[in-house]
Amino acid sequence: MSAAVAIECRGLTRSFGSGETIVQALRGVDLQIHAGQVTLLVGPSGCGKTTLISILSGILRKDGGELRVFGENPENYTERQRTAWRAHNVGFVFQTLNLVPTLSVEHNVALPLILQGMATREAFARARAVLAALELADRAGIKPGKLSGGQQQRVAIARALVHEPRLLVCDEPTSALDAENGHRVMELLVSVGRRSNRALVVVTHDARIYSFADRILRMEDGRIVEDSSLVHQP
Amino acid sequence: MIRTALEMLLGDRARYFGLVVGLAFATLLITQQASIFTGFTERTASWIRDTGQADLWIMDTQTEFTEDRKPIQSNALQRVRGVAGIEWAVPMYKAYIQVRLADGTRRNVRLVGIDDATLAGAPPVMLEGRIEDLRQDRAVIVDARDVNDALRLTRGLNGAGPRPLGVGDRIDINDHDAVVVGVAQRSVEFFWDAVIYTTYSRAVRMAPRERKLMTFVLAKVSPGADPGEVAQRVAAATGLAAFTSQGFEDLSKGFILRKTGILENFGVTIMLGFVIGVLVAAQMLHNFVVENQKSFAAMKAMGAGNGYLLRLVSVQVGFAAVMGLGIGLGIAAVSGHFLEQSGLAFRMTWDVVVLGAAGILVCCLLAAAFSLRRVLKLDPAVVFKG
Numbered sequence: 001m002s003a004a005v006a007i008e009c010r011g012l013t014r015s016f017g018s019g020e021t022i023v024q025a026l027r028g029v030d031l032q033i034h035a036g037q038v039t040l041l042v043g044p045s046g047c048g049k050t051t052l053i054s055i056l057s058g059i060l061r062k063d064g065g066e067l068r069v070f071g072e073n074p075e076n077y078t079e080r081q082r083t084a085w086r087a088h089n090v091g092f093v094f095q096t097l098n099l100v101p102t103l104s105v106e107h108n109v110a111l112p113l114i115l116q117g118m119a120t121r122e123a124f125a126r127a128r129a130v131l132a133a134l135e136l137a138d139r140a141g142i143k144p145g146k147l148s149g150g151q152q153q154r155v156a157i158a159r160a161l162v163h164e165p166r167l168l169v170c171d172e173p174t175s176a177l178d179a180e181n182g183h184r185v186m187e188l189l190v191s192v193g194r195r196s197n198r199a200l201v202v203v204t205h206d207a208r209i210y211s212f213a214d215r216i217l218r219m220e221d222g223r224i225v226e227d228s229s230l231v232h233q234p
Numbered sequence: 235m236i237r238t239a240l241e242m243l244l245g246d247r248a249r250y251f252g253l254v255v256g257l258a259f260a261t262l263l264i265t266q267q268a269s270i271f272t273g274f275t276e277r278t279a280s281w282i283r284d285t286g287q288a289d290l291w292i293m294d295t296q297t298e299f300t301e302d303r304k305p306i307q308s309n310a311l312q313r314v315r316g317v318a319g320i321e322w323a324v325p326m327y328k329a330y331i332q333v334r335l336a337d338g339t340r341r342n343v344r345l346v347g348i349d350d351a352t353l354a355g356a357p358p359v360m361l362e363g364r365i366e367d368l369r370q371d372r373a374v375i376v377d378a379r380d381v382n383d384a385l386r387l388t389r390g391l392n393g394a395g396p397r398p399l400g401v402g403d404r405i406d407i408n409d410h411d412a413v414v415v416g417v418a419q420r421s422v423e424f425f426w427d428a429v430i431y432t433t434y435s436r437a438v439r440m441a442p443r444e445r446k447l448m449t450f451v452l453a454k455v456s457p458g459a460d461p462g463e464v465a466q467r468v469a470a471a472t473g474l475a476a477f478t479s480q481g482f483e484d485l486s487k488g489f490i491l492r493k494t495g496i497l498e499n500f501g502v503t504i505m506l507g508f509v510i511g512v513l514v515a516a517q518m519l520h521n522f523v524v525e526n527q528k529s530f531a532a533m534k535a536m537g538a539g540n541g542y543l544l545r546l547v548s549v550q551v552g553f554a555a556v557m558g559l560g561i562g563l564g565i566a567a568v569s570g571h572f573l574e575q576s577g578l579a580f581r582m583t584w585d586v587v588v589l590g591a592a593g594i595l596v597c598c599l600l601a602a603a604f605s606l607r608r609v610l611k612l613d614p615a616v617v618f619k620g
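As you go down the protein sequences, you meet chains S and F in turn. Taking my numbering, the leading residue of the first sequence gets 1, the next gets one more, and so forth. Taking my numbering, the leading residue of the second sequence gets 235, the next gets one more, and so forth.
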């Protein structure tokens, strides 16, 4: 494996609740994710996929184990520092997209830059450039609700990429799309994810997109139970 | 951030209008009621302001408001004139007295007797006749509003129908014959009984016999003298109560507010407006936050700190507050203009505007605090929950 290690965790644990209602979401996850690879995280509902990507992306804190993301340990940061770290290092594509319905497409895409403190005019210019690259330039001024599902998905990807994050986390990016649109979205994600300085982690139930993966990690009961061989070399 | 906040707010038109309308309604209730309250309280002192020639009002120490007659000895006038800083001092008579109009209509009126020589204490504007006409034999001056109201000849004279009292008509004041020589225009008062002006000497002749007859001494302070200090000297020298015009106004307003309960009544309505404002704003803001919960959570996940979201919602609330306040004040001012035309007391002072703004600000702060708790407690991990 020649690619640099982007994410490394050992013995990662996380539980929710307490007493008799405690749920052990992660039971000691050991993992290395390399930059430039497309990593799919698969497994049944409740197996801990969402908890794992929440911890990797600095949204949730772990209970135990070790974690390093691009050489940094976001667990050592204060809440404010973790928020700033996410703003600069992580791009998200959520399952329900979570585009702000009252903001225009370009405003949605510019949000991560605005949150970093960039001037609105400059943020909008960069958002328009990313939208143009994704063939959505003519949709920049309208509200997301007026776009098709595939277009909304591309807007969400544009928003995840606009600030050039090192870690791209996608939660079920194709679940609401037909085969053709799902295929196009994955092609897009793979094209931006296979960069030497970026790691792409995709949580999915969609077997149709397995062929895009460099690596597939299968989770069950809070553990990684299968680490498939690489399909593509970066 | 401001652009993001406003675009989010204005993009949800229905909720935005709901919020602004709610705040405008609350502003209208608060400022309109406060303006009517201010109008009423100002009217309690209209007569003092109409008698603008005097700097000081000297009266019995137990006098509580403008219509409270507790007469003082007539030598008080000389004692006041002897106080340093007094330029001039004149007597004034004011008392309720019964009159009978020429058509037999009987009324209780306020008879005001002003200084014979200077006519200080006269009504501010004469519509018919001249104030100097009071020096004519048996002369009285009546008020323009009263001649069509309390002093209207409702039974008519010599077979003619009802008509307003006018110059030349005769009035029987406590069995003393009087003739109307002029019609004056005074400010609208809180008190409603008709006012009849005559000279001081004639007023005390017409009044029922009492040992003391003088109600007030009106005084002017010497140029350069401080009215407040001179009032203190007068009080010390005479043992009477001496107020500046403002002081007497405050005394009268305070008495009316205490005795009538209008402060409590208007206060309840103003508070109701405030509560409605808080409830409507809180409900609308809460709905807005709930509706945008996923968006706020996504923004948190993408790197928006609580401070950013706090500022974002504050801008939205502030903008809605300014819009609601502006619309509410506008409606209150326009409706107040028409209410004033119809005779209702309405006075929108800067104090009222500031009260309205403060009320809406507190409304919005409470509503925002209620909604922001939800935003600040929002777990960004919910963005991964379908």
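One thing to keep in mind: the hints can contain errors.
[To be verified] Now the stretches of chain F that chain S is said to cover, found in silico as 3 or more residues with beta-carbon under 8 angstroms:
#1 375-385
#2 536-545
[Stated by the list, open to error] EDC-like mimics (lysine to aspartate or glutamate), calculated; alpha carbons at most 20 angstroms apart, straight line:
#3 Lys528/F <-> Asp294/F
#4 Lys528/F <-> Asp246/F
#5 Lys143/S <-> Asp246/F
#6 Lys143/S <-> Glu525/F
#7 Lys611/F <-> Glu79/S
#8 Lys146/S <-> Asp284/F
#9 Lys454/F <-> Asp284/F
#10 Lys143/S <-> Glu241/F
#11 Lys446/F <-> Glu298/F
#12 Lys493/F <-> Glu241/F
#13 Lys304/F <-> Glu498/F
#14 Lys454/F <-> Glu525/F
#15 Lys304/F <-> Asp294/F
#16 Lys146/S <-> Glu498/F
#17 Lys528/F <-> Glu172/S
#18 Lys446/F <-> Glu241/F
#19 Lys146/S <-> Glu241/F
It is worth saying that the hints were derived from the structure and are not from the lab. Idealized CB from N, CA, C, for every residue including glycine.
How the hints compare with the structure:
Residues of the segment 375-385 of chain F with a Cβ under 8 angstroms from some Cβ of chain S number 0, which does not satisfy the need for three, so the listed coverage is violated. Counting residues of the segment 536-545 of chain F whose beta-carbon sits less than 8 angstroms from any beta-carbon of chain S gives 5, enough to reach three: the coverage restraint holds. Distance check on the hinted pair: Lys528/F and Asp294/F sit about 72 angstroms apart at the alpha-carbon level, beyond 20 angstroms; violated. Restraint check for Lys528/F and Asp246/F: satisfied, since their Cα atoms lie roughly 15 angstroms apart, inside the 20 angstroms limit.
As the CA atoms of Lys143/S and Asp246/F are separated by approximately 12 angstroms, the hinted pair is consistent with the 20 angstroms bound. Restraint check for Lys143/S and Glu525/F: the C-alpha separation of about 16 angstroms stays at or below 20 angstroms, so the hint holds. Distance check on the hinted pair: Lys611/F and Glu79/S sit about 13 angstroms apart at the alpha-carbon level, within 20 angstroms; holds. This hinted pair does not check out: Lys146/S and Asp284/F have alpha carbons roughly 67 angstroms apart, beyond 20 angstroms.
Between Lys454/F and Asp284/F the CA atoms are separated by roughly 15 angstroms; this keeps the pair inside 20 angstroms, and the hint holds. For the hint linking Lys143/S to Glu241/F, the alpha-carbon distance of about 11 angstroms falls within 20 angstroms, and the restraint holds. A C-alpha spacing of about 18 angstroms is found between Lys446/F and Glu298/F, which places the hinted pair at or below 20 angstroms, so the restraint holds. With a C-alpha separation of about 52 angstroms, the suggested pair Lys493/F and Glu241/F falls outside the 20 angstroms cut-off, and the hint is violated.
In summary, the hint linking Lys304/F to Glu498/F is not supported, as the alpha carbons are separated by about 28 angstroms, beyond the 20 angstroms threshold. Distance check on the hinted pair: Lys454/F and Glu525/F sit about 67 angstroms apart at the alpha-carbon level, beyond 20 angstroms; violated. Our distance criterion of 20 angstroms between C-alpha atoms is met by Lys304/F and Asp294/F, whose separation comes to about 6 angstroms. Of the pairs offered as hints, the one joining Lys146/S and Glu498/F is violated, with about 54 angstroms between alpha carbons and a cut-off of 20 angstroms exceeded.
Note on Lys528/F and Glu172/S: the hinted pairing holds, with a Cα-Cα distance of about 17 angstroms set against a maximum of 20 angstroms. Between the alpha carbons of Lys446/F and Glu241/F the distance comes to roughly 74 angstroms, so the proposed pair goes past 20 angstroms and is violated. Our distance criterion of 20 angstroms between C-alpha atoms is met by Lys146/S and Glu241/F, whose separation comes to about 17 angstroms.
Of the numbered hints stated above, those contradicted by the structure are hints 1, 3, 8, 12, 13, 14, 16 and 18, listed in ascending order.
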